[in-house]
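Undergrad: Following the hints, position chain D against chain A.
Protein chains: 2
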Amino acid sequence: MAELKGAAIFGQSGGPTSVINSSAAGVFIEALSQGNITAVYGAANGIKGMLEEDFYDIGKEDMHELELMKTTPSSLLGSVRYKLKDADVDDTDYKRLLEVFKKYDIRYFFYNGGNDSMDTCNKVSKYMQKVGYDCRVIGVPKTIDNDLYGTDHCPGYASAAKYIATSIMEVYLDARVYDTPMVCIFEIMGRNAGWLTAASALASYKGYGPDLIYLPEKTFSMDKFLADVKRKYEENNGKVIVAVSEGCHTEDGKYIPELGANLATDSFGHAQLGGAASILANAVKNAGICSKVRGIELSLLQRCATHCGSKTDMEESFNAGREAVKAACSGMTDMMVGFKRADKDEYECEYVLLPLSSVANTEKKVPDEWITNDGTFVSEEFVKYALPLIQGETPIAREDGLPRFSRLAKVSAKK
Amino acid sequence: MAELKGAAIFGQSGGPTSVINSSAAGVFIEALSQGNITAVYGAANGIKGMLEEDFYDIGKEDMHELELMKTTPSSLLGSVRYKLKDADVDDTDYKRLLEVFKKYDIRYFFYNGGNDSMDTCNKVSKYMQKVGYDCRVIGVPKTIDNDLYGTDHCPGYASAAKYIATSIMEVYLDARVYDTPMVCIFEIMGRNAGWLTAASALASYKGYGPDLIYLPEKTFSMDKFLADVKRKYEENNGKVIVAVSEGCHTEDGKYIPELGANLATDSFGHAQLGGAASILANAVKNAGICSKVRGIELSLLQRCATHCGSKTDMEESFNAGREAVKAACSGMTDMMVGFKRADKDEYECEYVLLPLSSVANTEKKVPDEWITNDGTFVSEEFVKYALPLIQGETPIAREDGLPRFSRLAKVSAKK
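Residue numbers (the numbering used here), protein chains in the order written: chain A, 428 to 842; chain D, 428 to 842.
Extracted from the complex, chain A is given alone in its bound form (with noise of 0.2 Å):
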């Protein structure tokens, strides 16, 4: 069953995190050593390029390049989100992959992302082998939402809480310097786990986080809200930092951006919109808390910023990425490399398959007891799951005092 030479296609697929490269590297460095792989390609844009015949030559690439694919953030394939319809419903894309399949002779196909992607794997493979066509099919997980059902945590999760709980800790002094109140606000992404949010938590660990901690697990009401804040501001003197997630919303399904309307106008009586952290932070203004409000949203900063990544996460991502090629080597179908904890005291990440089925459109969230204070913190389980996932700094290469990104010669494999 092991021997099945061919060629191997791999592509990234959703939003970028820091690390995402670094799992490429991982699949190009393993795939170029395996024997029965015999050209390995990567594809512009995930599914999209292979269904276009867009790919590069990954043999024709320089190898310190894809070394620094490491610490390089973002997908540098480029990405794509693209949903396959069922292929009972419309066959068209299944078969144009399998006439791309076949022309350049693939028999691995490895892809990387989050729940979408893994719906996409998951479809690909069931249809290969409906049509027996003989290829081997692996999922590489990728999120900083940290929401993959089945794996103990995600490929990216672990470098933007890092960056996280570090900027928040350095604005927790900025916030303390003059001795006058403020209230901090901070945005962080996650639309329906608070796994990135919860991570701010570290910094509190630390003695520099938030004092309230909003995550999308829990209804959100912007009367407790301005309650709780009102309450923080008087025990800590006036000054008061909170996180919350993009995805909280009330009982009726609005987020807090939906709320602005009804609670924020300007100076000439119009509703003033944004997003959750200015919402937040004019509601809590306009409620005669604090005059001195600012809502601060990490954006796209967080999920990119590999400068301050973390190093145990660019290894795993890297291995994970190595595991998958491994798997499908050694005659493995069908399943997603996903991490276990080894139970010892201290941390060691241990790389397992799942079936795709299992891990496709099911969403992981914070469990509900660790979510303490009337929903306005985590527990110490939280911060013991997650700090040991942030250590070490990423290593990232510079140039001119800033980043030396990696560079793809990026040579078309078109026939």
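These aren't lab readings, by the way, just hints derived from the structure by calculation. Small disclaimer: the values here were computed from a predicted structure and weren't measured. Honestly, I wouldn't trust all of these hints.
Which copy is meant is left open, so a pair is good if it fits within one copy or across any two.
Here are the simulated lysine-lysine pairs, DSSO-like style, with alpha carbons at most 30 Å apart [claimed, not checked]:
| hint | residue 1 | residue 2 |
| --- | --- | --- |
| 1 | Lys645 | Lys837 |
| 2 | Lys791 | Lys719 |
| 3 | Lys510 | Lys666 |
| 4 | Lys738 | Lys753 |
| 5 | Lys522 | Lys842 |
| 6 | Lys842 | Lys512 |
| 7 | Lys659 | Lys837 |
| 8 | Lys712 | Lys510 |
| 9 | Lys792 | Lys512 |
| 10 | Lys719 | Lys510 |
| 11 | Lys841 | Lys666 |
| 12 | Lys837 | Lys719 |
TA: For chain D alone, kept in the frame of chain A given last:
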């Protein structure tokens, strides 16, 4: 003249930076080693702490914690924005200061800040001279804005510049992952001088930076801005990155957020207010140039990101503190420590003394000849100027993978 025995006091003033504590460490460590300095005090919240006898006995601090100040952002002693009245108009504060100085035998006054703080220094110095109280006054420069007159550059600038350039390089890659159009607008600090916004050009110099850069030195026009973005959008296949200073304003003195009400309305017809980045993002959307526009405000992050600081900046800031003490001990007074770039190919910083009166309240702006392309970019001269300043990485101490900030004992010196 050099023999003046007495205590030294040091205060931090104005907005914090990544390296203001490094200058404090320089002052403290040097002062503790000087035989003529009998006690070293750190004032809580600058001049305010001096007036209120609220200061710390630095001799009681652990040397390791003083060393850690080099890599701890923000103003650890606390800062203040307090403008002394002219002594001719109201000398209450000066009399009180003299009283405190006499009580603690303070003969050395060091003050760390920007334009306003040098004004404070100058006024204190003049008053002490007038009343015949022998006290040496030396200013230590500090401002991320880099707008102090007479010095090649200012402590704090380069670290903020390095963070800005690095972050924009990372987001540049992030903003290019999908093969769909996207406009990204960065809002950068600097009310009257564009040095920090210009630093975004360092990212462009590496190939990953803004296409358009707007400094407050040039008048801002929304029509021209939209035309510029549209042109770049067409040239660059729908990918545009913009860096804009928070200080940009129109010919009639309106800042960008003030332009919002006339320009952007939401789906309810309400005006959208916010920071410059979100106002411009809405304007680009509303003008039909691009539907996917991100406004990113670097906010407080940019001035306290020691985790991405310049080692050159950290060292020069430390040395500026030491030089201030050495100068005072050698008999100098009424001066600010300044930086002079050595006249040679390789970058070298020389420490000079500048009369306080020439520095106070004068702003240094980006030279007109360095602003190019019809006010939308900066020249190579700027890059040559700024690049040496951001070299080296601040070696921050860590604990559990997160910054280990200095923890001062802050023992009260109150007699």
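Undergrad: For every hint, state whether the structure bears it out.
TA: Structure-based check of all given hints:
1. Lys645 / Lys837: Result: close neither inside a copy nor across copies, 45 Å intra and 40 Å inter.
2. Lys791 / Lys719: between (37 Å within a copy, 29 Å between copies)
3. Lys510 / Lys666: The answer is between: 24 Å across copies meets 30 Å, while 46 Å in one copy does not.
4. Lys738 / Lys753: Intra 22 Å, inter 42 Å, cutoff 30 Å: intra-copy only.
5. Lys522 / Lys842: Within one copy only: 19 Å inside a chain, 86 Å across chains, cut-off 30 Å.
6. Lys842 / Lys512: within (27 Å within a copy, 78 Å between copies)
7. Lys659 / Lys837: So Lys659 and Lys837 pass the 30 Å test across copies only (25 Å; inside, 54 Å).
8. Lys712 / Lys510: between (42 Å within a copy, 27 Å between copies)
9. Lys792 / Lys512: For Lys792 and Lys512, the Cα distance is within 30 Å only inside one copy (26 Å; across copies 57 Å).
10. Lys719 / Lys510: Classified as between; 20 Å across copies, 44 Å inside a copy.
11. Lys841 / Lys666: Answer is between: at 26 Å across copies they meet the 30 Å cutoff, but 60 Å inside does not.
12. Lys837 / Lys719: Answer is between; shortest inter-copy Cα gap is 27 Å, intra-copy 50 Å.
Comparing the model with each earlier hint shows a violation of hint 1 alone; every other hint is respected.
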